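> Residue strings, one per chain:
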Amino acid sequence: MTAGLELDCITLGVGGRPPLFRCFTLLVPLAEIVTLIGPSGCGKSSLLSFLTGTIDPAFRASGRVRIDGVDVTGLPPERRRIGILFQDDLLFPHMTVGQNLAYALPPYIAGRQHRRERIAAALAEAQLSGFEDRGPATLSGGQRARVAVLRALLAEPRVLLLDEPFARLDQGLREHFRAFVFDHARVRALPVLMVSHDPADAQAADGPIITLSAPT
Amino acid sequence: MATALRPLSRARSADRSIGRRLTNLALLLFFVGPMLMGVVGTILPALGILPQLGGVRFSPEPFRQLLEVPGLARASGLSLGTGLATTALSFLIVVALAAHWHGTPWFSRIRRLVSPLLAVPHVAIAIGFAFLIAPSGWIYRLLAATGLAGPLPPDIPIVQDPHGIALILGLTLKEVPFLLLMMLVAMGQVPVRENLTVARILGHERSAAWLAVVLPQLYPQLRLPIYAVLAYSASVVDVALILGPTTPPTLAVLVWRGFQDPDLDHIFWASAGACLQLGLIALTILLWRCGEVAVASLGRRRILAGWPGRPPVLAAACAACGSGAVVVISLVGLAAMVLWSLAQRWTISSAFPEGLSLNIWRQQLTGEAGLIGTTALLAIASASAALLLVIAVLEQEVRQGAKAQRRHRWLIYVPLILPQIGFLFGIQVLLVVVGLDGTWVGLVWTHLLFVLPYVYLSLSEPWRALDPRYERTALCLGHSPVSVLLTIKAPLLARPILVALALGFAVSVGQYLPTLFAGGGRFQTVTTEAVTLSASGDRRVIGVYASLQMLLPALGFAAALALTGRGRRVARANS
Numbered sequence: 001m002t003a004g005l006e007l008d009c010i011t012l013g014v015g016g017r018p019p020l021f022r023c024f025t026l027l028v029p030l031a032e033i034v035t036l037i038g039p040s041g042c043g044k045s046s047l048l049s050f051l052t053g054t055i056d057p058a059f060r061a062s063g064r065v066r067i068d069g070v071d072v073t074g075l076p077p078e079r080r081r082i083g084i085l086f087q088d089d090l091l092f093p094h095m096t097v098g099q100n101l102a103y104a105l106p107p108y109i110a111g112r113q114h115r116r117e118r119i120a121a122a123l124a125e126a127q128l129s130g131f132e133d134r135g136p137a138t139l140s141g142g143q144r145a146r147v148a149v150l151r152a153l154l155a156e157p158r159v160l161l162l163d164e165p166f167a168r169l170d171q172g173l174r175e176h177f178r179a180f181v182f183d184h185a186r187v188r189a190l191p192v193l194m195v196s197h198d199p200a201d202a203q204a205a206d207g208p209i210i211t212l213s214a215p216t
Numbered sequence: 217m218a219t220a221l222r223p224l225s226r227a228r229s230a231d232r233s234i235g236r237r238l239t240n241l242a243l244l245l246f247f248v249g250p251m252l253m254g255v256v257g258t259i260l261p262a263l264g265i266l267p268q269l270g271g272v273r274f275s276p277e278p279f280r281q282l283l284e285v286p287g288l289a290r291a292s293g294l295s296l297g298t299g300l301a302t303t304a305l306s307f308l309i310v311v312a313l314a315a316h317w318h319g320t321p322w323f324s325r326i327r328r329l330v331s332p333l334l335a336v337p338h339v340a341i342a343i344g345f346a347f348l349i350a351p352s353g354w355i356y357r358l359l360a361a362t363g364l365a366g367p368l369p370p371d372i373p374i375v376q377d378p379h380g381i382a383l384i385l386g387l388t389l390k391e392v393p394f395l396l397l398m399m400l401v402a403m404g405q406v407p408v409r410e411n412l413t414v415a416r417i418l419g420h421e422r423s424a425a426w427l428a429v430v431l432p433q434l435y436p437q438l439r440l441p442i443y444a445v446l447a448y449s450a451s452v453v454d455v456a457l458i459l460g461p462t463t464p465p466t467l468a469v470l471v472w473r474g475f476q477d478p479d480l481d482h483i484f485w486a487s488a489g490a491c492l493q494l495g496l497i498a499l500t501i502l503l504w505r506c507g508e509v510a511v512a513s514l515g516r517r518r519i520l521a522g523w524p525g526r527p528p529v530l531a532a533a534c535a536a537c538g539s540g541a542v543v544v545i546s547l548v549g550l551a552a553m554v555l556w557s558l559a560q561r562w563t564i565s566s567a568f569p570e571g572l573s574l575n576i577w578r579q580q581l582t583g584e585a586g587l588i589g590t591t592a593l594l595a596i597a598s599a600s601a602a603l604l605l606v607i608a609v610l611e612q613e614v615r616q617g618a619k620a621q622r623r624h625r626w627l628i629y630v631p632l633i634l635p636q637i638g639f640l641f642g643i644q645v646l647l648v649v650v651g652l653d654g655t656w657v658g659l660v661w662t663h664l665l666f667v668l669p670y671v672y673l674s675l676s677e678p679w680r681a682l683d684p685r686y687e688r689t690a691l692c693l694g695h696s697p698v699s700v701l702l703t704i705k706a707p708l709l710a711r712p713i714l715v716a717l718a719l720g721f722a723v724s725v726g727q728y729l730p731t732l733f734a735g736g737g738r739f740q741t742v743t744t745e746a747v748t749l750s751a752s753g754d755r756r757v758i759g760v761y762a763s764l765q766m767l768l769p770a771l772g773f774a775a776a777l778a779l780t781g782r783g784r785r786v787a788r789a790n791s
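Protein sequences appear in the order of chains A and B. Numbered per the working numbering, the first sequence spans residues 1 to 216. Numbered per the working numbering, the second sequence spans residues 217 to 791.
Please keep in mind that the hints were generated in silico from the structure rather than gathered at the bench. A hint or two may mislead.
[What the hints assert, rightly or not] The following residues of chain B were derived to be distant from chain A, with all beta-carbon distances above 12 Å:
| hint | residue |
| --- | --- |
| 1 | 276 |
| 2 | 287 |
| 3 | 332 |
| 4 | 432 |
| 5 | 434 |
| 6 | 584 |
| 7 | 615 |
| 8 | 619 |
| 9 | 692 |
| 10 | 699 |
[To be verified] Under 7 Å between C-beta atoms, here's a sample of chain B residues computed to sit facing chain A:
| hint | residue |
| --- | --- |
| 11 | 686 |
| 12 | 695 |
| 13 | 696 |
None of the values given here were measured: they were computed from a predicted structure. The C-beta atom is built at its ideal place from N, Cα and C for all residues, glycine as well.
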């Protein structure tokens, strides 16, 4: 069994145009952060949505995705246990911070009190204690970003994908937040695949870097 | 390479393809099927086949009988003329408004006034218009009260004039808001401001630039709505009964009289007439299409020859004022309607009634409370059913992409382009065959056909505009698509969903022919009552039912806005 996230000969393209990826193979071991760097339009985000199973139906794709040796290619997104963070925090605006986090907590964690404690503990980890009943819109950008990370991790993913999650934050906040994300991923020994066009992100990740070229 | 790629859908799990099949099945069973059966069930009797009435052999007899109906040629001409004139007038007004006033405060003012008018049923607008322009209508009374008109109303047929002018104007009142709304939707998808800036930097005057640069980009999106307006105005029955000529009436009314005749043998020639109506709509659309091609080529030639840059500004301004007139006439007409229902005594030479009271309302409502209940229940049931089906269809579109979207758009427009009189009899036959005629189920099912397109048109834009990453995030957190729909998408789209529901409610309230055909005469709604009473001449009673027609949809929208008001306050407090 291969531990980690395995991309096995993935080909990805739209209609009659040349494919964005041609038999792309990659292994992201546990607790490692692999960075994909490339210009916009080279298909980085499309690759991530192929991995989560939410790719636009206009795409044609082939290849297998395995997590810890188990093929998840045929599974619907909700059963793949792949977490993803986007450039925007995408906190559900009609739910409070606490409800957003509860929404991510798997159903096997039962009991109202128990679930509440888990959420409180997660918020405390991010220096956000007592934020349960706040609306997402009342939080600062950095706070919202941290809640989004907590939400993704509470769902207990086996893989974490990062779709340029630091691009919207200003410089000082960015480094701090990057460390926050990476620390949490390493503590859980998650394989992380990050796409970015900022070389500083790749440096901080301290892992393999794959540079993609624009489609020909 | 292409052979190595397989469609992603095969990699999808089985439960999703079950969802797709169920949606398609529901669409077929509740929407496409009845429409097809409706057309077939109208064509067969026209060819002599209707076993229930002893027609078992093909024969040309129904068409022969149809040709003998007095006034057929003139009726057909009236329908064709009404369709083309109403559509041309409405389109001209909307184009002039957009070209001349786009980007000014007047444009947004008219736009705000027009949306609520869209929810008022055709019949209410027509009755209000009649109350205004009739020889003894409000306009005459105002003139008489100020001494500008004599004490006796003129003895000329202003309403129900033999050339159908009142009908054309009355329909235009209702089609301008519809086309304007469709134009606004189309303008949302074209970078209008950027296009205009470029054209004006090149030296073209504003409205000329709009006509040359923006309109050609919008038109493809307006084509289906325009065809719907053509078909509707060339085949409408309820409004034509109120405003249209009587001897002969328009073709649709002529055919409707045939279907209604106590002598059931008339059904055969009426079916032939319904087929003629279908052909007439096809001809109307063909003529319009020829006009499109001619205007487009004329326009291109003008551009090559040097665009004049200055269209007749005065004419454009007048046409643009037409939209203001539409709004004012509609609103004043509706006011006249309400005023009459409250009037105690209103002599011919006074501008306003002498004293107002709720007597007529009390009198009518105590006797006919069930009628309002029937109307509301029917509207709630058909709008809810339509909403469920539309949400299922939109969810499939999200999964299947642009191709499914185009297919659905055409499908959704079919009941708007087919004339109601052309397939409702077939649906009645279908309901008789399956034993549902004159039942609630049959009635709701029939209303669904006409409610669904509007619910779809209203909800599809906001549905597509929702950031798809919310759904993806929720799925990646481990929630099933159904659960994501209920917990994330529905709350985020609560407002457009409720507005679509209210619009569906309003459309159902306004249905006349579907209620009569499918209800087997057993169901009365405020609309059937208003049309029936419109011939009575008792303006105070008519006023009550026409006002109810306006009030029920208004209550629907008020409820929708009140329900979403709380959510909006929360969102605002958040931001």
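> Next step is simple, just say for each hint if it's right about the structure.
Going down the list of hints, with the structure as the test:
no., hint, in the structure
1, 276, "50 Å, holds"
2, 287, "54 Å, holds"
3, 332, "27 Å, holds"
4, 432, "27 Å, holds"
5, 434, "25 Å, holds"
6, 584, "42 Å, holds"
7, 615, "6 Å, violated"
8, 619, "9 Å, violated"
9, 692, "5 Å, violated"
10, 699, "8 Å, violated"
11, 686, "6 Å, holds"
12, 695, "6 Å, holds"
13, 696, "5 Å, holds"
Consistency note: the structure conflicts with the earlier hints numbered 7, 8, 9, 10.
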